[in-house]
Every structure is written in structure tokens, then in C-alpha cells.
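Q: Taken in sequence, the protein lines are chains A and B.
In case it helps, our numbering puts the first sequence at residues 1 to 746.
In case it helps, our numbering puts the second sequence at residues 1 to 339.
Hints are computed from structural coordinates only; laboratory data are not their basis.
There's no promise every hint is true.
Quick partial rundown of chain A residues pointing at chain B, CB under 8 Å, derived from the structure [as the list claims (entries may be wrong)]: (1) Ala677; (2) Ile741; (3) Glu746.
What the simulated footprint calls covered on chain A by chain B, stretch by stretch (three residues with Cβ under 8 Å from a Cβ of chain B suffice, anywhere in the stretch; the number is not a length) [what the hints assert, rightly or not]: (4) 110 to 124; (5) 618 to 626; (6) 670 to 676; (7) 683 to 689.
Here the structure is a predicted model, which is why all the values come from computation and not from measurement.
C-beta: ideal position from N, C-alpha, C; glycine also.
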Amino acid sequence: MSTTIETHVGSPRRRVDGRLKVTGAARYAGEVAAPGLLHGYVVSGMIAKGRITAIDTAAAEAVPGVVKIFTHANRPNVPGGDADYQDMVAPPGQPFRPLFNDRILYSGQPVALVVAEDFGTARHAASLVNVRIEAEPHETDLDRLRESAYVPPEKREGIAPPPEPRGNADAAFAASPMRVQNEYRIASEHHNPMEPHASTVIWEGGGRITVHDKIQGVKNSHDYITAVFGLPPDDVRVISPFVGGAFGIGLRPQYQLFLAVMAALDLERSVRVELTREQMFTFGYRPGTINAVAVGANPDGKLQAIRHAAVAGTSSFEEYQEVVVNWSGLLYHCDNIALNYRIARLDTYTPADMRAPGAPLGVFAIESAIDELSYALKIDPLELRLNNYADTDENAGKPFSSRELRAACRQGAERFGWSKRQPEPRSMRAGRELVGWGMATGIWEAMMMPHSARATLTADGKLELACATADIGTGTYTILTQIAADSLGLRMEDVTTRLGDTSLPEAPVEGGSWTAASAGSAVHLACEKLRQTLFQHARGMNASPLANASFEHVQFRDGRIDLRTAPSEGVSIVDVLRAAGLDRIEEQETAAPNAETKAKFSQYTHSAVFAEVRVDEQLGVVRVTRIVDAVAAGKIINPKTARSQIIGGVVFGLGMALHEESMLDHKLGRFMNRNLAEYHVPANADVPEIDVIFVDEHDDKANPLGVKGLGEIGIVGTAAAIANAIFHATGKRVRSLPITIDKLIE
Amino acid sequence: MNRFSYARPDDLAEAVQASAAQAGNRVIAGGTNLIDLMKYNVERPAHLIDITRLPGLDRIEPTPNGGLRIGALVTNSTVAYDDRIAARYKLLASAILAGASPQLRNAATTGGNLLQRTRCYYFYDSATACNKREPGSGCPAIGGLNRIHAILGTSEHCIATHPSDMCVALAALAATVHVTGPTGDRAIPFADFHRLPGDRPDRDTTLEHGEIVTAVELPPESFTTHHTYLKLRDRLSYAFALVSVAAALDLDGDTVRTARIALGGVAHKPWRIPAAEDALSGQPATAESFARAAETLLSGAQGRGHNDFKIGLARQAILRALQQAAAGTPQSQTDKRIR
Numbered sequence: 001m002s003t004t005i006e007t008h009v010g011s012p013r014r015r016v017d018g019r020l021k022v023t024g025a026a027r028y029a030g031e032v033a034a035p036g037l038l039h040g041y042v043v044s045g046m047i048a049k050g051r052i053t054a055i056d057t058a059a060a061e062a063v064p065g066v067v068k069i070f071t072h073a074n075r076p077n078v079p080g081g082d083a084d085y086q087d088m089v090a091p092p093g094q095p096f097r098p099l100f101n102d103r104i105l106y107s108g109q110p111v112a113l114v115v116a117e118d119f120g121t122a123r124h125a126a127s128l129v130n131v132r133i134e135a136e137p138h139e140t141d142l143d144r145l146r147e148s149a150y151v152p153p154e155k156r157e158g159i160a161p162p163p164e165p166r167g168n169a170d171a172a173f174a175a176s177p178m179r180v181q182n183e184y185r186i187a188s189e190h191h192n193p194m195e196p197h198a199s200t201v202i203w204e205g206g207g208r209i210t211v212h213d214k215i216q217g218v219k220n221s222h223d224y225i226t227a228v229f230g231l232p233p234d235d236v237r238v239i240s241p242f243v244g245g246a247f248g249i250g251l252r253p254q255y256q257l258f259l260a261v262m263a264a265l266d267l268e269r270s271v272r273v274e275l276t277r278e279q280m281f282t283f284g285y286r287p288g289t290i291n292a293v294a295v296g297a298n299p300d301g302k303l304q305a306i307r308h309a310a311v312a313g314t315s316s317f318e319e320y321q322e323v324v325v326n327w328s329g330l331l332y333h334c335d336n337i338a339l340n341y342r343i344a345r346l347d348t349y350t351p352a353d354m355r356a357p358g359a360p361l362g363v364f365a366i367e368s369a370i371d372e373l374s375y376a377l378k379i380d381p382l383e384l385r386l387n388n389y390a391d392t393d394e395n396a397g398k399p400f401s402s403r404e405l406r407a408a409c410r411q412g413a414e415r416f417g418w419s420k421r422q423p424e425p426r427s428m429r430a431g432r433e434l435v436g437w438g439m440a441t442g443i444w445e446a447m448m449m450p451h452s453a454r455a456t457l458t459a460d461g462k463l464e465l466a467c468a469t470a471d472i473g474t475g476t477y478t479i480l481t482q483i484a485a486d487s488l489g490l491r492m493e494d495v496t497t498r499l500g501d502t503s504l505p506e507a508p509v510e511g512g513s514w515t516a517a518s519a520g521s522a523v524h525l526a527c528e529k530l531r532q533t534l535f536q537h538a539r540g541m542n543a544s545p546l547a548n549a550s551f552e553h554v555q556f557r558d559g560r561i562d563l564r565t566a567p568s569e570g571v572s573i574v575d576v577l578r579a580a581g582l583d584r585i586e587e588q589e590t591a592a593p594n595a596e597t598k599a600k601f602s603q604y605t606h607s608a609v610f611a612e613v614r615v616d617e618q619l620g621v622v623r624v625t626r627i628v629d630a631v632a633a634g635k636i637i638n639p640k641t642a643r644s645q646i647i648g649g650v651v652f653g654l655g656m657a658l659h660e661e662s663m664l665d666h667k668l669g670r671f672m673n674r675n676l677a678e679y680h681v682p683a684n685a686d687v688p689e690i691d692v693i694f695v696d697e698h699d700d701k702a703n704p705l706g707v708k709g710l711g712e713i714g715i716v717g718t719a720a721a722i723a724n725a726i727f728h729a730t731g732k733r734v735r736s737l738p739i740t741i742d743k744l745i746e
Numbered sequence: 001m002n003r004f005s006y007a008r009p010d011d012l013a014e015a016v017q018a019s020a021a022q023a024g025n026r027v028i029a030g031g032t033n034l035i036d037l038m039k040y041n042v043e044r045p046a047h048l049i050d051i052t053r054l055p056g057l058d059r060i061e062p063t064p065n066g067g068l069r070i071g072a073l074v075t076n077s078t079v080a081y082d083d084r085i086a087a088r089y090k091l092l093a094s095a096i097l098a099g100a101s102p103q104l105r106n107a108a109t110t111g112g113n114l115l116q117r118t119r120c121y122y123f124y125d126s127a128t129a130c131n132k133r134e135p136g137s138g139c140p141a142i143g144g145l146n147r148i149h150a151i152l153g154t155s156e157h158c159i160a161t162h163p164s165d166m167c168v169a170l171a172a173l174a175a176t177v178h179v180t181g182p183t184g185d186r187a188i189p190f191a192d193f194h195r196l197p198g199d200r201p202d203r204d205t206t207l208e209h210g211e212i213v214t215a216v217e218l219p220p221e222s223f224t225t226h227h228t229y230l231k232l233r234d235r236l237s238y239a240f241a242l243v244s245v246a247a248a249l250d251l252d253g254d255t256v257r258t259a260r261i262a263l264g265g266v267a268h269k270p271w272r273i274p275a276a277e278d279a280l281s282g283q284p285a286t287a288e289s290f291a292r293a294a295e296t297l298l299s300g301a302q303g304r305g306h307n308d309f310k311i312g313l314a315r316q317a318i319l320r321a322l323q324q325a326a327a328g329t330p331q332s333q334t335d336k337r338i339r
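With the rest of the complex left out, here is chain A (with noise of 0.2 Å):
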């Protein structure tokens, strides 16, 4: 006899914190109240490079209500030296000091803190303080600084730097008789979450502070101001179980942070620094960034060379990188190609990484490329992808984990109506509008971290998660639950899961499309270790049905613990708990990277993304109406906030392909469109149906539950299938993000 069960896991399920975020009952970093709390607002120097000659706060200081202004003449000794800058994803270098010293590296530097009684009054003060900087020559324009650029001598951790190059791709490419060489542009842009970033930090009393900070994970803000103020670690706590948005601004702790720590510990009182949107354009942002492309292939489109260097702009502080030019090495299979990533170093704060970070960028530029030359050779796009499909990882010499992104294709495909493409640019109309279709396929490295849960379960049957770990809205609250509830036989509302305080088992940052992967692996564990205990007790009660049952022959369902062949024949696990006198069963696992496995496979997401435009060609307008996403990530444990997820790309991509730009101003080395008005997202009206697939892909080594992660493949190849579509529809190659009304009349 077989039942069949409906499991949570693989199956729709609403968002389990959704109702506190609709009802607002959710508490944000700068929404969590105190005592006597101060506010403080941050003045920002509005020069690109320079030193500060003098700093007048006497008419601030003048104003009531005002408790003290911070600046680099006065503010407390900072304990740390300048290695204990150094936070958990920083790239190579030193990071930056908020209030360090005089010098002036970017324009948006924060100067001073007025710290007052209320907000009004500190932002009134920060109004009159006066800040005299003595101005020398920046560079902010990539362009101008691309022969200067330098292949970084020392690479940033978790970000492969090019592989060496295979065959001899410069003599491989003059001998190709098709032959495409461009070069691929991207604009900077800023990630934009709704919420800006903000701490609150309690004053505990006796030098201990409690932190709510906006942060994708809080040991990271956690182990930096332990650091940096030389404070005992049990003395700080740090809470974000919230994150409005963060898209990896919230990765690394920002200068609020530092800000509200270093004048609540100096004024032993709880203070809130919250920055303005305007002063979301003065930190992380994409890196604007140059691909030169060549691809060299065959009369019948066989692969013969790729080259593809990038160039793109770090601080002059820090060396970041990001995986660029890889993807053009993982994608296709090709004997001769040549990879290389170079940065140079501008007068701005350190990028930082935004959504899939290189991703979208190095992707854009190699899947123009193909695009093209499909054109050239007058071969299907995607017949020419499969024709050159790369059946293992040729970077690095290992077979892949899984890879259905041949299936992802042919399943786009279908769904889009590929078929009936016409081939010739600016065949297809509707009307006055031309029509184009035009597909890319994305990747993304599919990451596991190290992570701890803890899984309690209580007298009343109720069953409590707990991870250090961060939800920055994509669902990782309701996915744990789901993956609990399924292990434990429990209702989802039997399950309480609670994340992103450090008083809970350990977690790194929440980033790089890994916490499903990670977290989720250590809420099974610990889960599975439960009911092994369970088990146990279960067997040992009086008369007991399992007396003589072994693990394998039960199972756990409906608050029970049953014989699988005789579902009636068990024990409640509530029972289980009375009759062992426990009011709780606690257990604690970690989950890992397996390092064999990831030693003998490669293991990545893919996506084939179709997308439809319309364009009014003597307007410029493009209207992208239809996309099509067929996506490759493992198992899909929740396939409605997957498909959120895949959908929120789509729309990221959207933006990069034809509104996000951060305009910098080069004689003033800033950043001019800081406001949402100006610096465009996609509105809804830009926005069409996303029809998402998930295709099936069965991965046993990626991590123990086969999910590979969702958060950035959703917006890699969005863009470069827009612009290829607008190729198809008007016949005009646009290489230049974002492809704006200008770019298309000209």
C-alpha cells in the first residue's frame, strides 16, 4: 500500500514572513525604537580628491537640540588598526576609514556626524556646517584610464581570476574565416534597494551594545566592529532580520555603521544613523566596464577562437574584482581562447558587488558577440549555441555537477515559439512597430558555504530554526521552514524559523546565490539529527510500537512517528517528548562544502532567455513584451518564491539593458543622477509577462538537498537577449548599455 504524501518541499508555498512585511509589522534597522535614542546625520564632502583644510561646526553647534559633531579633528581613537578594516568579502587593500584623517578619496566621502536629540534637528545642523577642502586633480573616466589599467597582482578571495589561456587564440582568430571583433560596454549602476541603509546601535550599558544593521550577514558587521572598536565579542550584538533589499550593497558593512557604533560608544548612548537616498550614490556601486571581443568560427560555425578582455574601474583604495571574462571560457566549447581582466583605478569609492557581480557584464559582451556572428554565418543564434554547447567545464578541465542548459534551451524555445523566427533583421512587424526576438543564455556558479543551524523542537510539538544567516527578501524564512516541516513531519506553522542575529548558530554573508544551498543543508542536518533522537526516545517508551523498528522503517508525518507499513502503528512526537521528561530536544549542525566533490566537478546554474521587443524605430522607443526564462538550478524547493526570484532578475536585467546608468560627471568626479527620478529602474509599464521554466535537473553533488541557487541567474543573459532582440527588430547593433532612445536614432 502507497499513500501519496504532498510535501511542502517542491511545492508552492506563500512567504511565511508575509504578512508582517505587508502589515508593516516587520522592524527594520532604522525603524527599531530606544530610550533616548540620538540620530545622526551624515555630512558628505563633495569633492573627488583633495584634503580638508577646515571644518567649521560652530553654527551647527550652536543649534539646540544638537549633542555633538564628529569629524576627523575630534573624533574618538579608534582602537583598530588598519588590517581590522578588513571585513569578510573586501577586496585586496585598505578599506576605507570613515573619519580617518584629512584626505578626501571620492566625492560623497562622509566628513562629519552631528549626532541630536532628533532628526529634524540633526539634519538642520549638518546643513550649516561648513567643510573647506583643498581639491587636486581626479580621475573618474575609465576611458582615460585604460592604458593605465593592470591585471590585479593580488586576487580577491572567492574570485577565480582568468584561466590561462588554451591553443593559441590570436592565431587561431586571423585564421578564422568568420570573424567577430567588437567592443561590449556597461554602464556603472547603483543597486537602489528600497530600504535605505541604516544602524541603530542600543546602548547596553557597561561598553555592550546591541546593533540593528542593515546587513546581508551580521557576523560580518559583527566581527568588523569588534575589530575596529576593539570590543570583546560576546559585548556585540548584531540583528537584521529584515533586509529591505540589498542586491549585495548590503554585503559589507558600511560607513553608518562605523558611524553610529564609534558615537554611541563615545556618547555611552543608543544612536541611529540612517543615510539619505541621495547618500545610496555614495558608496558601492557596478562598475562601468569595457569588453573587447573577438570570436573567430568556421563557414559551418564551429568555434575556433575566443578572446574577450575586460576592463573596468576600482578605487584608489582597494583592488576589487569581479568574474568577468570567465564565462566566455565556460560557455562554448572552443580550443583556443584568451581571457583576460584588468581594473584601473579611479577616484571613486570601491565598487561593489551587485547582483550575479560580472555576470551580466561579461555575458552581455560574449553573447552579443555569438549573436553576431550567428548573423555573419547566417545560422540560427541558438542552433549556433548548440552547435558549440560545452559538454564539460573547459576552464577547468572538470565535468560539470549537472548541466540541463541544452534542455533549458530547447524547452525556452518551445514555450517562446522560436520556431517561428523569422531570420533577416527587420522581418517581422506589428503594425508601425518592427518586432525582434532575440535569446542569450546566462550561467552563474551554483556555491556552498559553511553554515550552522539549530533545530529545537519543544513539549508542544512546536519546532524553532535558528541561523545566523540573512532573508534579503528572497525567501529563505519560508524554504527552512518548508525543508523542517517535510523532515519532521510538521505543519509550516508548527515551525518557527528565526535568522540574522549572531546569538544564533553561525552563518557567513548572504550572497552569491548560496544560502538555499548552504542554510538549507544545515536545517536538514540538524533536522535529520532530530529525528534520529527522536527516534530513540520513541523506541524506548513503554510498550512502544517501534520497540523493534529501525530508522529506515519509519517515517515522520503528521506530528507522528509511524511505521511506514503500518501508518497507524506509532507514537505522537509529542508523546515521545512526555515520556522521556524532556521539554526539549535541541540539535546543532553544519553543513559544508563537500571537498572532493567540488575538487572532481564543476558546478554551475544555466539559463536560455528568450525575450520579444517592439520598437518604434524613428522614436527609438523599445517595448520589451515578452520574455521567456527557462531556467537550470537543481532541485526548486519553493517554486513560487523561485519564480520570484527568477522574475526579479529578469526585471535587473531589464534595467541594465535599457535605463540603469550612473552618470558620472568626470570634472567633478561625481556621481550626478542620485535620485530615484533620475537614475531610472524599470517601472511597472516596462515590465511584460515573465513566463519562468524550471527545467528538471537532477544535481546529487552539488550540496545534500541537489539546489543550486536562484537569486542572481535570473538577470545574466536578460540583457544581452533584449539587446540581441532589438538587433533583430531594427537591424542597429547596440553595444552600449543601457540602449536608451539616443542610442537607437542616431
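Since chain A is already given, all that's left is putting chain B on it; use the hints.
A: Same frame as chain A, but now just chain B:
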């Protein structure tokens, strides 16, 4: 943001008196632009005069000659969805709905919309020079980032644009602005309300010190059949116009009897050239006629680098808008496909 005092006068005379009392005083209604500018330290008013409770300014009323008088405090949403406006002055309703977001339109008022200030990046950045913000300090948009800037009627002192959509329609409809001030009431033809920058870019309008907008009057001629508001921007909603066109035609068969064309996003004020409109009178409603009108409207247009594209874009937009108007197929503001 500076500290300021705040008053909410009970009648218009009191408001005018307060408005005229000191140079740093500012009238506030919906506040959708002024509050932003205060947060950016661009506006630092010593005293705010909240006119939102003044009686009699929140109504739309018929005028004796068959037009409509829109009180200065009527919100943009109320205007757009008013039965009389939606039925007759469709051009105005369309232009309003092309702008901002529902939330902003619910708060923004008719008078305030007329007085909104430019979106120039440098104007908003109080750490830069800007002749509009600080006369005599310079214009970094010239030679700087000027993709969104003006191509017509600029001066060496300022190349900023006027950001309103509603005003472009009001210019085409030849509305009248009613104001009251220390020296009494005035009626200002719409074309004379906003000004070109010249050597006083700090002055957006011809309002005199202390004057308050009380109403906007629409003349009876509403161009109900042949009109359009065509707006081109960097995304399909919630962005200021790169170029916009309000076009209104009165046709006799295929012949133009009267034409009105106003441009947004290209100048310091809604751009109207009566000569271009007059030249269309008696002409066939054809692409050739429309192209000639475009040439006249854009005569003297000058790009500053990043905004060079606006000249060609404006030409195409004028052509398309006049075609939409002539065909009686105005641009929808919800269906983003351009007709």
C-alpha cells in the same frame, strides 16, 4: 533642510501679505516639489505659508464664455478625472496622466504644477555652481552632463528645461493664469507665464514678488476631436520628458483650420511658435505640412553634446503627434504602444 516657521492663513489676502512680507517666504500647497528641494538644501525658506485650507481655490467652475476655471488647489488627479475635463479637454487630461505617478498626482496641485522647478542635476546639487540656484555662479551643465537639457531658447547662463507635462497642454490650449498679489489681480496669458532663462535663470516665471496663482482658465476652444499628448522618455512611465508634444488641430475635412503645437522637455518653458501654427492654417493635414511646422518650431535649435539627439527626436515627435491628432487617434497614456 533648514528650520522654518509655518503659518496657515485663513484667507487669500492674508496669504498674499505673508508671501510678500519677506523674500525667503514660500507658499506651499501639495509640496511634491518644494519639500524635495528643501531636503536637498536647494530651497531654504525662512517661512512657509500653507495655502491648502484657503477657501474657494479647490473648485472647477464653468466660465461665462464657455470655458472652465480650475482653482489653483485642485489636484492634478481631480483635474484629469473631472467629467468636464475628461470629456472636452482630453488633451489636458492626457498630459496630466503622462506625468509623475498616481500618488504624486493625488497630492500635486494645479498652481504648484505651474511652479515646479527644473530637474537639472546641477540645480539639485547644492555643492555645484548653478546660475538658477545661485545667480552668477556658472552653469556646469554646459560642457557637463546635458542629455536631458534644453535645445531651444537657452542662454549662456542656463540650459535647463521646464519639467511639467500639464503645462505643455495648457500652453497648447492657450490657457490663462490668474494670479493675485500685493498690487491686485492679474490675468497672464499662458505663453507669458513661464520665461526663458536669459541672464536671469533664477526666475522661472513672470510672477511678481508676493503673487499667488489662484486659477487656470481654459478657453472654450478645447480641440476635443483632434489632439494628442505624445511623451518620449527614458522609461515607459514615471520619467520626465526627453521630448513631449501637445498637438491640437481644428480640421475642415483634410485642411487645417487651426493648429496648436507645444513642446515639452526642450526649453525653459513650454515651447510654442505661433508662426509655425499660423503657417499650417489652410494647409492640407499631410506629413509635408507637418514637417514644415516642425522645421519652424525647431528653428535655431542647438544641442550641447549629449542632448544633440533631441533635435531629431523632436522633429519626429512633432510629425507623429500631428499625425495622431489629425487622425483623431490620440496617444493612450496606458497602452504604451505609440500610435
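Q: Does the structure break any of the earlier hints, and which numbers would those be?
A: Per hint list: zero violations.
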